[in-house]
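Asks: The chain contents come next:
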Amino acid sequence: DAGVIQSPRHEVTEMGQEVTLRCKPISGHDYLFWYRQTMMRGLELLIYFNNNVPIDDSGMPEDRFSAKMPNASFSTLKIQPSEPRDSAVYFCASTRAGGSYEQYFGPGTRLTVT
Amino acid sequence: TQLLEQSPQFLSIQEGENLTVYCNSSSVFSSLQWYRQEPGEGPVLLVTVVTGGEVKKLKRLTFQFGDARKDSSLHITAAQPGDTGLYLCAGGSNYKLTFGKGTLLTVNP
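Residue numbers (my numbering), protein chains in the order written: chain A, -16 to 97; chain B, 97 to 205.
These stretches of chain A come out as covered by chain B in the derived footprint (C-beta under 8 Å, 3 or more residues): (1) 31 to 40; (2) 68 to 79; (3) 88 to 95.
Straight line, CA to CA, 35 Å or less: simulated DSBU-like cross-link-like pairs of lysine-lysine: (4) A:61 <-> B:192; (5) A:7 <-> B:166; (6) A:7 <-> B:192; (7) B:153 <-> A:7; (8) B:155 <-> A:7; (9) B:152 <-> B:166; (10) B:166 <-> B:153; (11) B:192 <-> B:153; (12) B:152 <-> B:192; (13) B:155 <-> B:192; (14) B:192 <-> B:166; (15) A:51 <-> A:7; (16) B:166 <-> B:155; (17) B:152 <-> A:7; (18) A:51 <-> B:166; (19) A:51 <-> A:61; (20) A:61 <-> A:7; (21) A:51 <-> B:192.
FYI, nobody ran anything at the bench for these hints, they're computed from the structure.
Just so it is clear, CB atoms sit at the ideal spot from N, CA and C, and this is done for glycine as well.
Can you make the complete structure from the sequences, with help from the hints?
Replies: Set out below in structure tokens:
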């Protein structure tokens, strides 16, 4: 079975540009999580969804960040406008209800904002 | 806000040595997970512990959950170069996880 799929794997953009990160969770998983990882702050939860509905977005740093999950097999994380301090690796993870709470992570998107 | 502190932050040892890394919090967690992350990849779950005082073994890795469910340790016996990676602990309340910053382990041949 395919794991969590993220695209692009690498993104380099200029400050002020819009960035869209994409995620396809594992089929049958009904929870989807977006994380950001930096050396300084470690792995931080940004937002998570259950059955396509956002449950907790308290980790979203500011209004420049938005996330959507239009269906069970696709989610996006958008940054508009992007800033150099947004440079990080962004991970998507999924899990299914009633399991052991194990989260399955994608390979991440390395974002660099110049 | 629940925080998890991991120590040491960095650890470099020789193949065959034993080591222990720690994960501590002032908060109680309903479960605690350990993940390993290799460069360029996402974290991969090693174990979940749920009961205070619980000990789980995974080959040369031994995981312990503190009696009060606020801390955990990971002990590796006879470390191998393949054990190299970032070890992350994560405390859970239902499906929401809080991660520590990790211990970066390097095992030299």
